[in-house]
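Participant: Given only the sequences and the hints, what does the whole structure look like? Please build it.
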Amino acid sequence: MTTITASTTAPPRARKLVGAGRRQWIGLLYVAPAVALVMVFFVIPLGMTAWMSLHNWPLMGEHAFIGLDNYWAILRDTRFWNALKFTGYYTVVVTIAIFAVAFPLAIFIEKPRPLTNLYRTFFFMPAVVGFASASLLWSWLLNVDSGLFSPAAYDLGLIDKKFNLLATFQPAFWSIIAMVVWKVAGFTMIILMTGLQSIPQDLQEAAVIDGAGPFARFRAITLPLMRRTLALALILSVAGSILAFDQFYIILRGGPRNQTLTAVYWIFNQSFVSFKLGYGAALSMVLLVILVALSLIQLWLLRKPEGLD
Amino acid sequence: MAQAISARGKFAARLARHSTGIIASVLFVAPIVWTALSAFKPAAEARLPPLPPWPTTGFSLENYATLNSFGDGLWASAQNSIYVSVMTVLLSVIVSVLAGYGFSRFRFPFKDLFFVLILSTIMIPFQSILTPIFLVLTKLGLHNTLTGLVGVYVTLQLPFSIFMMRNAFDAVPREIEEAARMDGAGNATMLLKVMLPLVWPGVVTIALFAFLGAWNEFLAALVLMTDQSKFTLPVMMTALQSGRFGAIDWGAVQAGVTVMMVPCLILFLALQRFYIRGLMAGAVK
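From first to last, the protein sequence lines stand for chains A and B. Quick note on numbering: the first sequence equals residues 1 to 309 in our numbering. Quick note on numbering: the second sequence equals residues 310 to 594 in our numbering.
Simulated from the structure, these hints should not be mistaken for lab results. Glycine is no exception: its CB is placed at the ideal position from the N, C-alpha and C atoms. Fair warning: there could be bad hints in the mix.
[Claimed, not checked] One-sided and incomplete, this derived list gives chain A residues near chain B with beta-carbon spacing under 10 Å:
| id | residue |
| --- | --- |
| 1 | A32 |
| 2 | P112 |
| 3 | N117 |
| 4 | A207 |
| 5 | D246 |
Facilitator: See the structure below:
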């Protein structure tokens, strides 16, 4: 017993001598369930996605190897590219909107002052509600007859007949943006707040003494020192938006006129509505490459800043 | 600088700050409260626009009652959701505590490889591997079962929760273990009696995230659960809202959404400290 303890506490060099003990292998048993789960539900499916993407794979019946045909089909699949274009557009717009709301909120709640914690809790509440619940809730609020916005505007005399927000692209799209900002801003706010709080107070004070105004301080101190936090919040928002599905499925069903089909929604339709599993897998591979590329950019953005600790 | 501002200026600043805070708070909380209040209207009133949001023709639980009459009923879906969420919490805590301990305290072949493998799954969107997951579950005989869904949800939690737990175990001084070993503690005693109480805050954090993740997940449940008796709440409510059971009953939607939101809000309000802690751990690292 004591030798083992020694092996775990001793410095690395001594460890090599004693620590080769069989007891260390027990560690494998501890991590085995986790590794098994990841193998069954991640690694194998991932390999299968790549394999299936090279096949014509209907739900029933035999599948046939067709090489890269699915990928050639993707190149000609204008509806997929439209979905991808829409996803990109949505991602840019919603990310800007989220930051425009979350950053001021983060500054608002950063310093401990009376009631700040209460405000923070309120701002954050929609973030713990699921996307499906939030979408169902807003699909009701946005409903033309039984909802809130259109009837309220009508009652207030702002519009002279009830207006269906979900019938045409622009109002439908901006309604979704409003819903997502409501749901996500609190989350982004907390991330940004941790970044703000990690800026040393004396730096700000020194800048004040040097006569720097609030805007100059924000640009010269806050933004550069928050680079990693900003990058993290940005990546979380971008990755989440590229994978958006729930809100477009529940509130809009991809409409009006299929104009709000996102990439995941299109893959869902191909795989589980049309049951073209092979083609769906090839589409998934494209999406996967995009997200892995994004993750690599993330690692690069989040690298430790040189010169600073 | 603070002294330079007159008392009146200070008051104005405080007034501006709190008005901003209150208005923003109302905007964030209103939709939630609006739904919860409207759900208590009688069905006939719930069909009308929610102005005002509270019941004007008498308080009623009718919407909750009708909800139970759609398909297999709200209660069946709620039970499915509860089962899936609780099992996800239990399993992901057990698996992550074991793995976190293993990665923190032992050296074994492929240790780094396994750790990187588990963490790197966070880069791969599970949305892109749902079809093969569907086929794997079929092969395992778990097709269209809540157990299969739990397996998927637990796996989705692993990168975050194992990372959390490994850090939690890393933070426990080795002297504590040493002392326990001297007292003759075996591996099981060590983990359960000595280490677990010390990493408890981490366990609460990962349990909370596992619950919220499983309770709110939609796409995988929609794809993997094809039989209506297996629907979780989000899938069931979406079926209802899409008019699958006839004309859309908005009163029932309000009641269902309330049922879906309330557990998340209660858990968050009760365990806020742990939630923020989890976010911070993710943000700082």
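Participant: Does each hint hold? Answer for all of them.
Facilitator: Results of checking the hints against the structure:
| no. | hint | in the structure |
| --- | --- | --- |
| 1 | A32 | holds (8 Å) |
| 2 | P112 | violated (13 Å) |
| 3 | N117 | holds (9 Å) |
| 4 | A207 | violated (13 Å) |
| 5 | D246 | holds (5 Å) |
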